[in-house]
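K.L.:
Given chain A, put chain B in place with the hints provided.
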Amino acid sequence: NAGVTQTPKFQVLKTGQSMTLQCAQDMNHEYMSWYRQDPGMGLRLIHYSVGAGITDQGEVPNGYNVSRSTTEDFPLRLLSAAPSQTSVYFCASSYWSTGGVNEQFFGPGTRLTVL
Amino acid sequence: DAKTTQPNSMESNEEEPVHLPCNHSTISGTDYIHWYRQLPSQGPEYVIHGLTSNVNNRMASLAIAEDRKSSTLILHRATLRDAAVYYCILRDVGGSARQLTFGSGTQLTVLP
Numbered sequence: 001n002a003g004v005t006q007t008p009k010f011q012v013l014k015t016g017q018s019m020t021l022q023c024a025q026d027m028n029h030e031y032m033s034w035y036r037q038d039p040g041m042g043l044r045l046i047h048y049s050v051g052a053g054i055t056d057q058g059e060v061p062n063g064y065n066v067s068r069s070t071t072e073d074f075p076l077r078l079l080s081a082a083p084s085q086t087s088v089y090f091c092a093s094s095y096w097s098t099g100g101v102n103e104q105f106f107g108p109g110t111r112l113t114v115l
Numbered sequence: 001d002a003k004t005t006q007p008n009s010m011e012s013n014e015e016e017p018v019h020l021p022c023n024h025s026t027i028s029g030t031d032y033i034h035w036y037r038q039l040p041s042q043g044p045e046y047v048i049h050g051l052t053s054n055v056n057n058r059m060a061s062l063a064i065a066e067d068r069k070s071s072t073l074i075l076h077r078a079t080l081r082d083a084a085v086y087y088c089i090l091r092d093v094g095g096s097a098r099q100l101t102f103g104s105g106t107q108l109t110v111l112p
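Protein chains in written order, with our numbering: chain A, 1 to 115; chain B, 1 to 112.
Please note that a few of the clues may not be correct.
So the derived label-pair ranges between C-beta atoms look like this [unchecked claim]:
| # | chain 1 | residue 1 | chain 2 | residue 2 | range |
| --- | --- | --- | --- | --- | --- |
| 1 | B | E15 | A | L115 | 41 to 51 Å |
| 2 | B | R58 | A | N1 | 14 to 24 Å |
| 3 | B | L80 | A | Y95 | 25 to 35 Å |
| 4 | B | A65 | A | G16 | 44 to 54 Å |
| 5 | A | V12 | B | A63 | 40 to 50 Å |
Just so you know, these hints were derived from the structure itself, not from any lab.
Quick reminder that beta carbons are idealized off the backbone N, C-alpha and C, glycines included.
Bound-form chain A, shown alone (with noise of 0.2 Å):
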């Protein structure tokens, strides 16, 4: 297995553009979500999903989108990029279960800079 996966490692973006960070795993795991981790802080929630067809917002949403078509997929989307989305963004999956104990997998990591 693969695990999740991410890419682009790397993105350097200008301010007002729009592009999509990609994840996916190969784990069959319902829920997915999205983390930004800004300098010397610890991972916010920006959005996430329980399964296809379904999402739902996060600690912080604002600017960006998401989609879940397919179970192994979960696209985030920025819409107009601004500099204050410079961040290090980690995709994570589980198995979705009450309790909420199942351990969470996390991906390597996409580092943008927006300018």
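P.N.:
Chain B alone, transformed into the frame defined by chain A:
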């Protein structure tokens, strides 16, 4: 969500045990205690979790106080590869979302 408090940083010598503390005085009866760690330039990885009893796995042990207001992650023999930020996280068993709420964690430095 209940909050956790961890020291900003700790140091350990290689091949010695490390005890990483976490305070969670407002923990509720349905909160699980989870530990994740983040190695440099990598995504977080799961370490261990528990509810009331002490837990052991191949990576670490988790000691939970009887009143559950604190816990300690124990690395039995620290290696250089264990240098990372360690996050103590509470997860409500009845929570509607399965996100992890990360604080700033403890930066562990392992000295050779």
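K.L.:
14 to 24 Å was suggested as the range; check whether the CB atoms of B/R58 and A/N1 agree with it.
P.N.:
Holds - the Cβ-Cβ distance for B/R58 and A/N1, about 19 Å, lies within 14 to 24 Å.
K.L.:
Do the Cβ positions of B/E15 and A/L115 conform to the proposed distance bound of 41 to 51 Å?
P.N.:
The hint (41 to 51 Å, Cβ to Cβ) holds, given that B/E15 and A/L115 are roughly 45 Å apart.
K.L.:
Could you say whether the range 44 to 54 Å given as a hint is met by the Cβ separation of B/A65 and A/G16?
P.N.:
Because 52 Å falls inside the window, the suggested range holds.
K.L.:
Range first: 25 to 35 Å. Now tell me if the beta carbons of B/L80 and A/Y95 are that far apart.
P.N.:
Since B/L80 and A/Y95 have Cβ atoms about 32 Å apart, the given range 25 to 35 Å holds.
K.L.:
Just to be sure I understand the hint, the distance between the Cβ atoms of A/V12 and B/A63 should be within 40 to 50 Å; is that true here?
P.N.:
For B/A63 against A/V12, whose Cβ atoms are near 45 Å apart, the range 40 to 50 Å holds.
Taken one by one, the earlier hints all hold for this structure without exception.
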